[in-house]
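With the sequences and hints as input, model every part of the structure.
As given, the protein sequences belong to chains W, H, L, G, C, S, A and R, one line each in that order.
According to the UniProt record's numbering, the first sequence is numbered sequentially starting from 1.
According to the UniProt record's numbering, the second sequence is numbered sequentially starting from 1.
According to the UniProt record's numbering, the third sequence is numbered sequentially starting from 1.
According to the UniProt record's numbering, the fourth sequence is numbered sequentially starting from 1.
According to the UniProt record's numbering, the fifth sequence is numbered sequentially starting from 1.
According to the UniProt record's numbering, the sixth sequence is numbered sequentially starting from 1.
According to the UniProt record's numbering, the seventh sequence is numbered sequentially starting from 1.
According to the UniProt record's numbering, the eighth sequence is numbered sequentially starting from 1.
Source of the hints: derived by calculation from the structure; they are not laboratory data.
Treat the hints loosely; a few may be bogus.
[To be verified] Mimicking SDA-like on lysine to any residue, the simulated pairs with C-alpha atoms at most 25 Å apart in a straight line are: (1) W:K66 <-> S:S129; (2) A:K59 <-> A:L71; (3) S:K85 <-> W:E57.
Number of protein chains: 8
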Amino acid sequence: MTEKHDPIESLLKAVKHNTLSIDEAKQQLSHYDELGFAKIDLHRKKRQGFPEVIFGEGKTKAQLIKIIESLLKHNEIILITRIDKSKANAIIAHYPQLEYHTIANIVCTPIDSIEKTEHYASIICAGTSDLPIAEEAAITTEVMGVSVQRFYDVGVSGIHRLFAHIEAIRKGKVSIVIAGMEGALSSVVSGLVDHPLYSVPTSIGYGANLEGVTTLLAMINSCAPGTSVLNIDNGFGGGYNAAMIVKMIESH
Amino acid sequence: MTEKHDPIESLLKAVKHNTLSIDEAKQQLSHYDELGFAKIDLHRKKRQGFPEVIFGEGKTKAQLIKIIESLLKHNEIILITRIDKSKANAIIAHYPQLEYHTIANIVCTPIDSIEKTEHYASIICAGTSDLPIAEEAAITTEVMGVSVQRFYDVGVSGIHRLFAHIEAIRKGKVSIVIAGMEGALSSVVSGLVDHPLYSVPTSIGYGANLEGVTTLLAMINSCAPGTSVLNIDNGFGGGYNAAMIVKMIESH
Amino acid sequence: MTEKHDPIESLLKAVKHNTLSIDEAKQQLSHYDELGFAKIDLHRKKRQGFPEVIFGEGKTKAQLIKIIESLLKHNEIILITRIDKSKANAIIAHYPQLEYHTIANIVCTPIDSIEKTEHYASIICAGTSDLPIAEEAAITTEVMGVSVQRFYDVGVSGIHRLFAHIEAIRKGKVSIVIAGMEGALSSVVSGLVDHPLYSVPTSIGYGANLEGVTTLLAMINSCAPGTSVLNIDNGFGGGYNAAMIVKMIESH
Amino acid sequence: MTEKHDPIESLLKAVKHNTLSIDEAKQQLSHYDELGFAKIDLHRKKRQGFPEVIFGEGKTKAQLIKIIESLLKHNEIILITRIDKSKANAIIAHYPQLEYHTIANIVCTPIDSIEKTEHYASIICAGTSDLPIAEEAAITTEVMGVSVQRFYDVGVSGIHRLFAHIEAIRKGKVSIVIAGMEGALSSVVSGLVDHPLYSVPTSIGYGANLEGVTTLLAMINSCAPGTSVLNIDNGFGGGYNAAMIVKMIESH
Amino acid sequence: MTEKHDPIESLLKAVKHNTLSIDEAKQQLSHYDELGFAKIDLHRKKRQGFPEVIFGEGKTKAQLIKIIESLLKHNEIILITRIDKSKANAIIAHYPQLEYHTIANIVCTPIDSIEKTEHYASIICAGTSDLPIAEEAAITTEVMGVSVQRFYDVGVSGIHRLFAHIEAIRKGKVSIVIAGMEGALSSVVSGLVDHPLYSVPTSIGYGANLEGVTTLLAMINSCAPGTSVLNIDNGFGGGYNAAMIVKMIESH
Amino acid sequence: MTEKHDPIESLLKAVKHNTLSIDEAKQQLSHYDELGFAKIDLHRKKRQGFPEVIFGEGKTKAQLIKIIESLLKHNEIILITRIDKSKANAIIAHYPQLEYHTIANIVCTPIDSIEKTEHYASIICAGTSDLPIAEEAAITTEVMGVSVQRFYDVGVSGIHRLFAHIEAIRKGKVSIVIAGMEGALSSVVSGLVDHPLYSVPTSIGYGANLEGVTTLLAMINSCAPGTSVLNIDNGFGGGYNAAMIVKMIESH
Amino acid sequence: MTEKHDPIESLLKAVKHNTLSIDEAKQQLSHYDELGFAKIDLHRKKRQGFPEVIFGEGKTKAQLIKIIESLLKHNEIILITRIDKSKANAIIAHYPQLEYHTIANIVCTPIDSIEKTEHYASIICAGTSDLPIAEEAAITTEVMGVSVQRFYDVGVSGIHRLFAHIEAIRKGKVSIVIAGMEGALSSVVSGLVDHPLYSVPTSIGYGANLEGVTTLLAMINSCAPGTSVLNIDNGFGGGYNAAMIVKMIESH
Amino acid sequence: MTEKHDPIESLLKAVKHNTLSIDEAKQQLSHYDELGFAKIDLHRKKRQGFPEVIFGEGKTKAQLIKIIESLLKHNEIILITRIDKSKANAIIAHYPQLEYHTIANIVCTPIDSIEKTEHYASIICAGTSDLPIAEEAAITTEVMGVSVQRFYDVGVSGIHRLFAHIEAIRKGKVSIVIAGMEGALSSVVSGLVDHPLYSVPTSIGYGANLEGVTTLLAMINSCAPGTSVLNIDNGFGGGYNAAMIVKMIESH
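In structure tokens form, the structure reads like this:
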């Protein structure tokens with residue numbers, strides 16, 4: 001970080017050369033922490049290309065439009081997750097330069113306009129009911145500038161479907177497994193790949209599935225060592241972590 | 001059940017023919033239910049060869065010796081589960097005609113002396129830690145007169161080990177899968193066989209395994225349709241059910 | 001399985017006799033797993049008469065109609081569970097050769113058109129509220145070609161109702177007990193029959209029933225050895241397992 | 001309660017007639033609540049014959065001996081529950097006029113010396129493992145001056161054993177059912193009697209029994225209306241309630 | 001029960017005297033259990049005056065009307081619980097001789113037309129939100145022919161309100177405490193009365209109340225010995241038990 | 001409390017001086033507890049300025065209007081929490097002298113008309129979703145006559161935002177931290193202040209948040225010693241406690 | 001805090017006057033956060049008199065002796081909680097100037113040597129089993145320089161015992177209620193006092209008490225507004241919070 | 001993977017050229033799956049340097065010695081986790097070329113003999129009680145050939161300790177946060193770094209910590225997006241994942 005402009009040195013020099021009063025210097029230093037961290041945040045975004053992420057649930061159309069306006073001024077990439085159809089249509093009407101992914105419940109900067117990595121993340125899910133979360137993970141990964149390969153409908157109850165794709169899954173640099181019910185897919189895939197795997201339990205199931213808590217607990221107890229777990233239905237979190245890894249690999 | 005001797009008809013005839021007083025007939029009928037069910041119980045054991053099962057936990061050596069004495073008088077097959085080493089040794093010292101299975105924690109009639117079915121039950125478990133429960137299931141099945149094939153150490157984290165044995169597993173008439181942690185083995189096997197599968201969760205694991213509750217819930221939520229679930233560590237229950245099925249198939 | 005045509009031997013012979021190039025042979029072998037398992041699946045369906053089962057919940061009318069079209073091309077038996085009235089009516093309008101069971105929430109090939117076993121499964125439930133799940137189990141069993149006898153409204157709070165039917169229940173080759181609340185019916189019936197019993201907890205109850213979790217836990221802890229448990233409201237699973245058993249018995 | 005002596009009227013009269021100073025009257029009134037309730041407590045014990053109950057767990061031998069000494073001075077009946085063998089022996093050595101019930105883990109005034117009601121409470125339990133709690137209930141009931149009839153080892157897995165005794169159970173004025181595992185005995189008995197039934201879940205079981213929580217929840221969800229539930233292993237509570245009812249009936 | 005007509009003796013005599021064939025006697029005896037229990041049921045209702053209770057939830061208007069028709073034929077008392085406004089109005093329109101209790105969600109035989117006991121049950125609740133469950137308990141008790149006294153809005157956060165009524169509460173022969181949140185009222189009242197107390201937890205509360213489970217657990221753990229607990233919101237169960245006790249006291 | 005008027009002394013004097021009959025004195029004393037506590041309640045309100053608080057949820061518009069009418073007669077301060085928009089508008093239409101806080105879901109006496117303390121409570125929350133609960137806490141505190149400073153949107157995922165305000169937070173006499181999800185803000189703030197901190201978990205989150213139970217448990221386990229916890233979403237409780245502390249400090 | 005010496009102003013002045021190089025100034029500022037917070041910590045201890053608290057559980061005798069040595073060098077007050085008898089005796093042997101409180105499991109600076117506030121905290125507990133936690137709260141409060149009044153053995157099952165002391169409890173400036181089982185004491189006391197109340201659930205109980213979780217949940221759901229809750233058995237936390245409040249009141 | 005030797009092509013060529021009989025070729029292909037996966041496993045280990053990991057808990061000294069013997073023959077790196085002192089000493093006595101890490105409960109190939117990456121993983125933990133799990137993570141990472149930097153005792157209750165080290169933490173390529181209680185450290189660190197973070201909850205805590213379940217749930221609900229979670233006390237899993245990432249970065 002030798003290239004970093006050093007605001008504290010500048011300030012001290014200004015005090016020394018009487019171009020800054022002690023009171024004003026104190027005032028600026030009192031905000032040091034805040035400026036410092038904010039700068040770090042901007043630095044991170046620059047280097048990693050991680051967009052501002054907006055959790056759409058619970059925000060009004062008006063609030064969302066205002067936030068987007070602010071971000072577009074700084075030419076930021078847009079990523080709004082958990083947005084329903086009605087809000088999404090209102091936003092697209094206002095900002096036709098964005099696109100709406102109906103299955104993923106995401107509004108974002110068009111995927112095709114984003115430069116992506118050569119390496120890819122493998123996104124694997126068991127059944128069609130898990131698709132919204134799988135797509136949330138996939139679109140998040142892509143918006144963050146990382147390529148993905150989708151391997152859907154490969155649940156363990158017909159395990160030959162998984163084996164037909166295992167070589168391509170293994171070629172990815174990271175896997176995200178999205179599954180509901182007993183979540184066994186996570187352990188099975190982890191035993192077949194040699195890269196980190198993120199397990200995203202979904203709330204798909206009924207009865208003793210307990211709205212995904214059973215799936216979460218099962219995945220946390222995986223007998224395979226290379227897995228870690230996100231919150232129920234947190235496809236975004238899976239995509240965010242996976243994208244960080246592929247970016248780091250490709251930037252070295 | 002046309003061959004069944006009808007005690008009520010006999011009783012009524014005896015009343016009619018004055019060989020039985022009304023008071024005595026009433027007395028006998030007052031015990032009808034009890035006798036009826038007891039008879040049924042004996043009938044079941046005769047036909048199915050199911051032994052009296054003794055849950056060893058919480059019983060003293062003296063109590064166990066007394067129960068065995070009573071059963072041996074009727075030439076019953078003996079099966080004592082959940083018996084620790086100290087009690088087992090005391091019993092074997094007293095009844096050298098029985099045998100002690102150290103891993104299964106079972107004392108029983110010698111397995112070799114029991115005639116067994118041609119068809120077998122497939123008993124599958126993931127890791128060496130699950131062996132005591134797997135053996136409890138296996139010995140129970142065998143004591144009930146049913147052959148078993150053991151497929152141990154075939155966990156899903158190295159799934160090729162399972163596939164090396166899948167044909168033999170499929171040839172069994174019923175499967176018992178014993179697994180701890182996330183219990184994924186149950187779903188994977190169920191997708192590969194076409195007979196009923198009993199899932200026995202074990203308390204093997206740590207942390208969020210919750211002493212087997214997580215495994216139980218995961219198995220209950222299996223995405224594969226042909227499974228049903230026993231209580232945690234209930235290898236006996238798995239063996240008992242599996243043996244009933246193989247016996248029924250072979251007796252038809 | 002000596003009658004099984006061996007595709008690998010054919011392939012190897014074709015390579016040896018130069019009727020197949022090594023590249024083509026490799027291509028075919030790369031799909032070996034998939035083909036192999038697919039074949040197994042078809043084999044299972046042929047032998048056991050198990051239909052493709054469609055979980056109707058979460059699928060659109062259009063999706064369901066498309067799936068049915070595909071299955072009917074192969075003359076498959078149709079079984080769609082968890083389908084609501086609106087979707088069911090749309091499907092029947094499109095495929096009048098199917099029938100809709102309103103209580104069971106099932107659309108399927110007409111039950112009367114399916115050949116069934118001589119032996120039957122006993123289906124027992126406690127109250128009228130459990131009927132939808134009991135019927136889901138019954139229709140599933142019948143669609144799979146197995147006869148059923150229904151014993152409804154025989155809860156333990158008036159246990160004489162159960163005893164009036166116990167002989168007929170015992171004559172079945174397998175029992176399915178469907179119950180909510182404390183699920184005591186499962187233990188009581190299991191003590192009276194000598195065949196396997198599947199317990200299906202229902203979400204019928206209130207308060208500390210916890211939407212069926214209490215019933216599930218109670219059934220898992222049954223003091224009677226011959227029971228195993230399905231997920232809450234999983235009448236289909238109970239029927240599927242029971243049908244496998246009766247079929248196996250009758251095919252031997 | 002028209003016969004009740006009215007201390008407040010006396011006090012006011014004394015003030016009016018100058019036999020009591022205002023300050024002293026205020027002092028007495030400030031303790032009104034405390035005296036009032038204390039009196040009530042004594043009154044209750046007199047009328048109902050309910051003894052002081054001592055929870056033995058966590059108290060030292062010395063503490064217990066001191067408490068007994070105090071109670072014996074007032075000729076109270078003694079009832080100490082949850083007392084282990086070592087403490088019990090120490091107490092009996094000190095107060096040979098008491099007796100120790102080893103299964104119930106109770107030290108108390110000799111049962112034979114206590115006058116008991118004509119009507120009885122029916123105490124019903126499933127298995128030998130539940131005996132300590134059943135005996136805690138039985139001895140508590142007897143110490144409180146109420147007769148009991150014991151019906152042990154009548155679990156639902158062999159329901160004919162229960163029916164052999166059902167008439168005698170019905171003749172009691174209240175039932176206490178002690179059971180572990182799935183607790184089905186509670187619902188079955190409740191459907192056969194027409195008096196109140198107290199369900200005492202025990203911590204007998206393993207795995208998903210969750211140390212009695214499953215039994216408790218199952219009993220709370222009983223389909224039979226005439227039951228209510230005590231804490232896990234609270235045999236004392238069951239006996240205390242049952243004794244209150246029989247006493248009230250007999251005193252009218 | 002010496003007055004009981006003995007059908008078995010009659011039957012045996014008829015056989016002996018040739019007025020009944022053996023076949024017909026067997027036929028009758030084969031239904032013995034069922035008739036026996038049914039008779040017992042009727043006997044109970046006769047002696048105790050307990051009505052048939054109908055759980056209204058989940059039953060259609062048509063079903064309810066049909067059930068009522070059947071009961072009215074036998075001049076039974078009617079009690080339908082958990083019935084919503086729409087169904088209730090439909091029933092009252094059809095059977096104007098019944099009355100609808102809007103707070104209790106009950107339709108029943110008019111309370112005023114039912115003869116009631118001299119002794120009463122004390123029904124105590126904490127807040128206005130608990131009123132529907134308190135009224136379900138109260139109306140149930142009254143329909144069963146037992147007088148009640150209502151003590152509402154006497155929660156422990158302003159404990160002086162409770163003390164203003166404690167003498168009248170104590171005069172009842174049994175108490176029902178209905179409370180939500182932490183359910184402390186149950187322990188406080190139990191310490192002040194000398195009769196059995198039924199605790200009915202309600203689902204009133206929010207957050208960590210867990211829809212009444214917290215209240216249920218708290219009541220189960222009451223430090224006061226004379227309480228037992230019903231399911232969450234089970235006002236009917238509380239009333240049913242309480243009524244049994246008062247009836248038994250008054251019939252002796 | 002030497003200034004307290006002593007009603008009992010007056011009463012006793014009146015009896016002594018024959019200005020009060022013994023019957024009337026008894027009548028008054030019979031209500032002693034109730035009057036006593038009521039007086040205490042009034043006394044508390046006078047000294048602390050704590051208003052009557054009305055929990056709006058589950059009360060009708062008519063009920064609310066009637067309660068307000070009663071309170072306004074005594075010139076009480078009004079505080080109605082958990083009131084939805086429709087009810088709030090109806091009340092404001094009826095009592096225009098009150099004001100409606102839309103985010104807090106509170107109707108109350110206008111905040112500006114209430115005299116407030118010099119010291120303030122610091123109210124800190126993490127995200128915009130927690131605002132309704134934070135505002136419930138803030139308005140409650142203010143209605144009780146205590147100043148507040150709001151520090152919103154200072155979650156730990158961007159901890160520099162918190163540090164920018166930490167000095168001002170520290171100057172408050174008590175803190176209320178409102179947070180959902182993992183609730184880490186509570187521990188972080190507690191480590192930085194030297195006054196008591198109330199943690200209010202919110203139900204903001206999804207999946208394994210379990211509607212706030214996870215947040216509640218996390219806050220209860222805070223590694224920082226100066227925190228205590230309220231129920232989920234209980235902003236009112238946080239404000240009530242905080243206001244008591246500031247009032248006590250300022251009144252000394 | 002105008003009296004606070006300002007190190008940043010000094011630094012800036014030194015830079016301006018060339019008595020400090022820019023590099024050295026940058027070096028000092030880079031440690032600003034750490035120094036700043038450390039200073040704050042020391043400042044807090046000075047002003048509030050809060051001692052360093054050592055959690056004794058899991059620390060060895062040697063570790064404890066070393067920590068004490070370090071603290072004594074700075075003349076700090078010593079407070080070690082959760083220390084067992086063996087460790088405590090070893091420490092007292094080494095540092096006879098400390099004292100050991102056997103019930104509270106605390107080793108600390110002698111209570112008598114610590115100057116205490118005029119106002120006191122009321123410490124209330126239900127039964128003798130709760131004493132260790134109550135004493136942990138009491139000793140913690142006293143070590144922190146705050147007076148306490150103990151009100152032990154005043155459980156709600158005999159509520160007159162509580163009322164005998166209520167005036168003295170009310171005179172305290174804060175209450176700590178320590179209770180197990182259903183924890184009702186917390187709600188009852190809170191309704192009778194007008195100061196903040198800290199509820200400390202204990203793990204005293206059995207069965208469905210769930211090692212204190214039930215008590216914790218019940219206290220969190222208290223119907224009384226002026227309470228907040230600590231972790232199970234966290235008497236120290238209760239004392240720490242209560243002491244902060246009394247200190248703040250007395251220092252104003 | 002173009003360099004990969006293709007065994008299937010060789011086999012087919014051998015068949016074609018008659019150097020392999022069809023029967024032998026079939027035999028080899030029948031083991032294809034198993035060999036294929038085994039080869040993959042070996043390949044993974046070669047490329048990534050991941051050692052065979054032995055879970056020491058539940059294995060005897062004899063078993064462990066035998067496993068080590070087998071691994072040493074293949075010159076494998078040794079890593080045995082969860083091994084207690086007694087077993088560890090026995091192994092070191094037998095294999096003095098291994099080393100025992102007492103805090104981490106690990107026996108392994110000497111850390112100094114393993115070549116490590118230039119980049120490092122940051123390992124952060126809150127308190128001294130979490131050290132065993134933190135060291136399990138650290139040693140695992142190092143045995144896998146990845147450098148680590150340890151940042152211990154930086155809990156959020158004194159957050160300045162964390163900030164003193166934040167720059168060094170940020171320079172790592174991945175973080176592992178080990179924490180018990182409320183686990184807030186995970187969210188705080190995640191907000192300050194721009195690389196993936198693995199959260200390992202520990203079972204450190206008491207009461208409502210529920211042996212780490214609370215910590216696990218809190219970490220799963222982190223408000224910071226770049227975290228994922230391992231099982232309770234699974235330091236090994238954290239190290240394994242972190243090592244995979246650093247290795248992948250450095251190998252590109």
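Status of the hints after comparison with the structure:
1. W:K66 <-> S:S129: Since the Cα atoms of K66 (chain W) and S129 (chain S) sit roughly 17 Å apart, the hinted pair holds (cutoff 25 Å).
2. A:K59 <-> A:L71: Cα-Cα ~16 Å, so holds.
3. S:K85 <-> W:E57: With a Cα-Cα distance of about 21 Å, the restraint between K85 (chain S) and E57 (chain W) holds, given a limit of 25 Å.
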